[in-house]
Amino acid sequence: MTNLSNHSVVALADVVKTYKVGDVPVPALKGITFSIPRQRFTVIVGPSGSGKTTLLNLIGCIDKPTTGQLTVAGQDVATLSDNAISDFRAQRVGFIFQNFSLIPVFSAYENVEYPLLLLGVEAGERRRRTTRMLKAVGLADRGAQRPNQLSGGQKQRVAIARALVKDPDFVLADEPTANLDSETGAAIIQLMRRMQEEYATTFVFSTHDRQLMSHADETFTIRDGLLVEHVSGARPC
Amino acid sequence: MLMLKIAARNLFRNTRRSVTTLSTVAIGAAAILVFGAYITYIQYGVQTNAVQRTGHLQVFRNGYFALGTAAPGTWGIDQYATVLRLIRQDPTLQSLAAVVTPIQSLAGIAGNFENNTSKTFFGVGFVPSERDRMKQWNEYGTGSQGLKRSGLKDDDLAEGITGIGLVRILGLCERLHLDDCPATPPGASEPAEATSGDASPTLINVEELASRDKSDGEPPTPTAGATIDLLAATAGGAPNVVTLRIAKVELQPLKELDDNYVGMNIGLAQNLIYGRSEHKATGIVVQLHRTEDLGVARARLASLFKEHALDLEVRDFTDLNPQYNQIIDLFASIFSFITATISIVVLFTVTNAMSMSVIERTGEIGTTRAMGIRRGGIRKQFLVEGSLLGAIGASVGVMLAQVVAYAVNHSPITWTPPGAGAPIPLRLYMNGAYALIAFTWIGLLVVSALAALIPANRAARMQVVDALRHV
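Protein sequences, first through last, are from chains A and B. Just so you know, this note's numbering puts 5 at position 5 of the first sequence, and the rest follows in order with no gaps. If you want this note's numbering, it's the 1-based position in the second sequence plus 1000.
Don't read these hints as lab results, they were simulated from the structure. Idealized CB from N, CA, C, for every residue including glycine. Among the hints, a few may not be true.
Ranges between beta-carbon positions, derived for each pair [claimed, not checked]:
| no. | chain 1 | residue 1 | chain 2 | residue 2 | range |
| --- | --- | --- | --- | --- | --- |
| 1 | B | 1399 | A | 84 | 33 to 39 Å |
| 2 | B | 1001 | A | 199 | 28 to 34 Å |
| 3 | B | 1363 | A | 190 | 25 to 31 Å |
Generate coordinates for the entire structure from the input sequences, incorporating the hints supplied.
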């Protein structure tokens, strides 16, 4: 198990999450304690129903723990109001979704630009950062196209650019290669790895993909709502 | 601006649904505007009719309007010529007034002795040329109504106008060669057998009084064409009779009026009511160039009478034509009902469209919330979309209404407005109806925004995790 440290971007202390299905309480996480170090390629693995997505939702501040302490980027997020936590996400967390979740009425460029608009970044700076990010993911010439005009791999590249454009503390990716063929998935993993190194940010994935696991600096294994294993990779923390 | 851009793009994600919703709003807006323009036209038409007949304001001896209409002779304005001059020469009123003219009301019995018929009448004496000028008033361009010229001359006291109903009752249709005016069946006006022995006391009196009048040395009135004799009580209470030559027959807007109306030169009316004593006038009619000056003119008249210590009251055309406000109120209530019905239809249509949109975009709501949009931002987004639906729909509706108004205004359709005697072209007053257009546009925008409120709140209340999980 990893202890909480100042080098952590996320720290969980005895975090419990219980859902209610009707009147029946269903425990998803049963008291997890660990921390995710900064600037690492971190993978959370586990079988279906083990609690990976719940853990990712908590780390991404889109859900709150039932009990326990959750510190994200140095902030005890359980104490934040709904608006404050929305602002926190807007500034500090980038998301990459399994089904890409691009906004269909926006072009690729606008999708990448959108998080900067939410942060009120000035137009010139927005343009500069958006263009640079589209170029970085290899879609400089696809900016005008709508999501329905892009392939799955291209959509996920746009999603990666969108997650990174605001320079977040960390990027969360829920099974980012699940909807891609293995070749495209491999290319996306390579891209994420490169971006993580280039932008010196933290990536946290949940995945079943062995290719992705092989790239991990840190691997946390979850089973039945409990952390059962933590393997730290060869790369130095 | 960003929200508006997103809203505009989202509106056409489901084109068929958006077009259906926009059509509902547009047709609703057009219906409100067309009916509103029609009501405006009716209001102007009825007002024009009233102002042509009674002017904007009438000055009476104080109390006449409430108490004196049964005895106009005793409620006449003393030295009315002085009051008339005072009004005509006032600098303020001079610029506002188109016509300032005296009138004399009267009531009595009209008889046609050639046919042994008589009938109560009520009439008005006026200055023919000034009455003709009043009939030209057409501030709103609603077109001609009724007969424009009385056909009477200021210096000919013997001629007058009657309603068609009155000449029909008096059995003068044939003599006057009137179309659509049935002649009296033979014997219908003869006294019944049982009462032939004691003939109608009214007829006897009229005949006697008429012969008495002529035997008093007055010159007999020329009676070329149809004539009727008018009996009325003078201001002193004595009976008096004059003979009136019917110069023109005018259909009056109400049957009761048509069966009783006699219009004549004011001199004849004054002769009948005041005889040889001082001639007075029941009222002084003030017709303004523009209705919007009514308040100023009324205030000026009141201060003028106060300055000169004249015990006179001023009534406007809505007092003089009680049906005016009734007609306006009736149409206003129909307009309110139609507007409310259309608003409810728009409300439900937009709510339905926005609810469907929220359901379809649940995943997207989750994504944007995860990216940091606050609940308020989501709510605002759907409210903007609903409002945009209302704004676009209402704008299309305004254009549609303009097209309908143009088509109607260039068609030969006519109608007879309440209170008018003849049909006039049907018009929709859309040009310049800025208040109506603004009311409709803003109203539908607000209704659409309100309609989007419930779906918008539902979208804003969604849990991010649940929304992301939605398929």
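Whether the CB-CB distance between residue 1363 of chain B and residue 190 of chain A falls inside 25 to 31 Å: 28 Å Cβ-Cβ, so the 25 to 31 Å window holds.
| Lying within 28 to 34 Å: is that true of the beta-carbon distance residue 1001 of chain B to residue 199 of chain A? | Given range 28 to 34 Å: holds, Cβ gap about 30 Å.
**Message:** Between the beta carbons of residue 1399 of chain B and residue 84 of chain A, is the distance compatible with 33 to 39 Å?
**Reply:** This hint is violated: roughly 46 Å between Cβ atoms.
In terms of the numbered hints stated before, the structure departs from hint 1 and from no other.
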